[in-house]
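Trainee: So the chains spell out like this:
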Amino acid sequence: MIANGVRVDDTFAEAFPMRATGLIVTADSLAWARQAAVTMTGFATSVIGCGCEAGIERELTEAETPDERPGVRVLLFAVSTSELQKQLQGRVGQCVLTSAGSACYAGLHGAEKLKLGDALRYFGDGWQISKRFGGKHYWRIPVMDGEFLCEATTGLTKEAVGGGNLLIMGASRRATLAAAEAAVKAIGRIADVIMPFPGGIARSGSKVGSKYKSVRASTNDAYCPTLRGAVRTALDPDVASVLEIVIDGLTPDAVAAAMRASLAAIVKLGAKRGAVRVSAGNYGGKLGPHHFHLRELLP
Amino acid sequence: MRPLVLALRGVPDQRLDLSGLVPQLIAGKTAAEIARIELQTTRVRATVGDLFQLRMGGAERIRIENACDRLDGIGHRMTGGEIVVEGSIGSQAGRLMAGGRLTIAGDVGPWAASGMRGGTIEIAGRAGDRLGGPLPGETAGMRGGVVIVRKDTGDRAGDRMRRGLILIEGGARRYAGCRMIAGTLVVRCAAGELPGYLMRRGSIVLADGAAELSPTFVDCGVHEVLALRVMARCVSAYSARLASVLRRPLRRLAGDMGVLGKGEIFTPP
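Line order of the protein sequences matches chains A and B. Sequential numbering from 476 applies to the first sequence in this note's numbering. Sequential numbering from 227 applies to the second sequence in this note's numbering.
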């Protein structure tokens, strides 16, 4: 398939079920809310090495947050409920609780819950205060700049999807990055998804396994342009650089919407200024139950 | 659907117990069955049919017209639906209420919302003593839900309150929030002597301060408490005046140090 000069492979992205949760982090200013969120979502690019995948879904205005201050919504994804609970508690405890003027609320609602303030309240050493109003439960934990206000629980979803992806291939690093940036910007407007890698972009896509026994994932040599002659390459002669966008979403529909938006952005940019080819990563369709076919997502 | 209307014919000769006239107990009954419900509190039998003019409608909404202060126990153990009362009523309105909405256009007597667990009570007039409080022998008062009083309350509003929200747009008399176990009490106008007397936990907000504060409360300074700001958003659905109070910096007094000391009273700076 060719759209605006961009070759789009007739393939699909293979994605996996994940557990996910959401948080709203607020502070006295958007800068400080972002600071807390960026800190807690650091080192959360891949469940393989980080325990969870996390990112800022969007910024929130004063009208959208429980305490009428600016904030951000953060999403976290993990492979099991217990790991998600562990990551949530550790990251909020070390990165949000410690951030100046912060507060933390549920960013996802549902029947199933994860502990938030319920797990962190013990930091109050007996001075923590429980408050219930408006059908919600909060913990007030005294800290040195006042109080850390934290909702007792947040929602858990088992319908989340991790690993939606696009492989963006360009004739130069600069053009490939331009296409990837356009895709990230487009996905930024889609609700309920995150892109966990730095700036939303991964340059070190991996394959399963390695020649080394202890290494579970290694470089995706078929997509490394400098190995084109040395390995069984997946690259065309005009491709000099490949970048990957990985998308995690609270629902399959959210991931599909994000992939659709990003494909549209890449195609709109065109082959001259951006990508010459777009593909997606899969394992033959045998491992992940969610298949996002690029053909169906094209604008 | 039209409400079920009970119009009181005149002031009754005895106090009446209306605890049986709640939506979940009336649902499915015919007019004749409702008319036979006994309300007396003395040996003189008095039924709904004797005392009220009944206009049938859906039991989910009950309207009591021409009410007087001899009607006790309205909304007792109510679990859902709505009761609207036109006029003032007697004691224990909304006692042990678990859900639904009770609206009273006039005043209420003592022990309104006593032991309440959920739902909403709105009182357009004054509330008597021990709003939300326990009856003698009970260990806790209000356990949940929201009570809004548009005018003043009597003594001991929120006595032994364990959970929930009491909003008073007028003033409160002596011992507001005494023996509180937890929960939140907000008073817009001045409170009487010794608010929070022997409170263990919980929050009392006195927007106009109190006539006399107990020396067993300690000054923690003036603060902008974020939890109150979050609460303001919830309170604004019931009272914009009280919500604005919660958004201001307030002086925090911790106490009552005579007991556990983990409660708090907020007063103007």
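Treat the hints with care, as some may be off.
Now the in silico label distances, taken between C-beta atoms and shown as ranges [as the list claims (entries may be wrong)]:
#1 A:600 <-> B:449: 16 to 22 Å
#2 B:305 <-> A:504: 55 to 61 Å
#3 B:291 <-> A:492: 43 to 49 Å
#4 B:447 <-> A:513: 15 to 21 Å
#5 B:438 <-> A:504: 38 to 44 Å
#6 A:621 <-> B:240: 32 to 38 Å
If you're looking for bench data, these hints aren't it; they were derived computationally from the structure. Being a predicted model, the structure only gives us computed values, none of them experimental. Where is the CB? At the ideal position from N, CA and C, for every residue including glycine.
Trainee: Determine for every hint whether it applies to the structure shown.
Mentor: How the hints compare with the structure:
Remark: the range hint 16 to 22 Å for residue 600 of chain A to residue 449 of chain B is upheld by a beta-carbon distance near 19 Å. Restraint check, residue 305 of chain B to residue 504 of chain A: a C-beta distance of roughly 45 Å breaks the suggested window 55 to 61 Å. Take residue 291 of chain B and residue 492 of chain A: their Cβ atoms lie about 58 Å apart, and the range 43 to 49 Å is violated. Taken as a hint, the range 15 to 21 Å is violated for the pair residue 447 of chain B and residue 513 of chain A, whose Cβ atoms sit roughly 32 Å apart.
Roughly 41 Å separates the CB atoms of residue 438 of chain B and residue 504 of chain A, a value that falls within the hinted 38 to 44 Å. Take residue 621 of chain A and residue 240 of chain B: their Cβ atoms lie about 56 Å apart, and the range 32 to 38 Å is violated.
The earlier numbered hints that this structure contradicts are 2, 3, 4 and 6.
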